[in-house]
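Let the sequences and hints guide you as you build the complete structure.
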Amino acid sequence: TGADLTYHVHVPGARLRATVYHASLKNQFWTRTFWHDGYNATVNLIMRKVHVDHQGIELGLEKSAGRHLFQGAAGYASAVYRGRPELEAWQDNNSMNLYSNRTTYLNNYRSNSSPQLAFGLCYRFSGRRSWFISAAISRFSQIYTNVNPQRRTAAATAKYSQDEFELAMKIVAQENIDPWWLANFGVYKAFRLRNRSLIGCSIHVNNVLDARTIYTGFEQLRWDDSNPDLFAPKYFFSPPRTILMSLTFNI
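In the numbering used here, the protein residues as written are 51 to 301.
Because the hints were derived from the structure by calculation, they are not lab data. Do not rely on the hints blindly, as some may be mistaken.
With a straight-line cut-off of 35 Å between C-alpha atoms, the simulated DSBU-like cross-links for lysine-lysine are [what the hints assert, rightly or not]: (1) K76 with K239; (2) K99 with K284; (3) K220 with K76; (4) K220 with K284; (5) K99 with K239; (6) K284 with K113; (7) K284 with K209; (8) K209 with K99; (9) K76 with K284; (10) K113 with K76; (11) K220 with K209.
Okay, here's the thing in structure tokens:
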């Protein structure tokens, strides 16, 4: 179930849009496959009764002043597990049930690794004789790694005493990836020929600052409860600076 509400404002030289939304996804079915060192086999991991709440707000603004155009956008999106899903595992090569009905304490954990807070600003100048230049900058934050549900069970932390709280927290804590910035730049120029044909040239530079940052990640399902750092999370890094040059011809 879900609902959203959008509000538009249009006035001369400016536009505004605001949206709020909420969606509740219940009784989902989650399945993954991974290698289990203890059984020396591939294991199918199944999670039932998965409930996730999605809610957020989005805001966009555009303002024009002659040849200048300013744009801004911001968004907050919360995707959170609700309740306590049930976990079961099956050995793949012989269909043996390893365990079932194991409670996972995922309530209030973030359910995806997308940025949950983002904003961006863009400026564009349109010159005479068919050319323009644009620049944009964005910031992304509140990025959480996808969690391994096996690490949020009583079996995963049962061996730790109350005096070993910090060791237990290394297993159950969800990592919050550092915020990162993205800057882009573009320029375009068109030339009209005598036969009225049009030639367009453009250059776009993405990730102008060449920032090599982690933009998302996930915990491995393969893990060792006696050494939580043995199988570290997997991360995805932002692409390096890229330059795209294009030439178009319109008859």
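Each hint tested on the structure:
Between K76 and K239 the alpha-carbon distance is near 51 Å, which puts this suggested pair outside the 35 Å criterion. Restraint check: the Cα-Cα separation between K99 and K284 comes to about 26 Å, which is no more than 35 Å; the hinted pair holds. Taking the CA atoms of K220 and K76, the gap is near 29 Å; set against the 35 Å cutoff, the hint holds. Simply put, K220 and K284 have alpha-carbon atoms about 16 Å apart, close enough for the 35 Å limit, and the pair holds.
The straight-line distance between the Cα atoms of K99 and K239 is roughly 55 Å, outside the 35 Å bound, and the hint therefore fails. A threshold of 35 Å between alpha carbons decides the hint, and for K284 with K113 the separation of about 41 Å lies outside it, so the pair is violated. Proposed proximity of K284 and K209 is supported: the alpha carbons are some 26 Å apart, at most 35 Å. Pair hint K209 plus K99 holds up; C-alpha atoms about 27 Å apart against a cutoff of 35 Å.
Taken as a hint, the K76 and K284 pair is honoured in the structure, with Cα atoms around 28 Å apart against an allowance of 35 Å. Among the hinted pairs, K113 with K76 is inconsistent with the structure: their alpha-carbon atoms are about 41 Å apart, more than 35 Å. Only pairs whose Cα atoms come within 35 Å are accepted, and K220 paired with K209 is accepted, the gap being roughly 14 Å.
The structure does not agree with the numbered hints 1, 5, 6, 10 stated previously, though it agrees with the rest.
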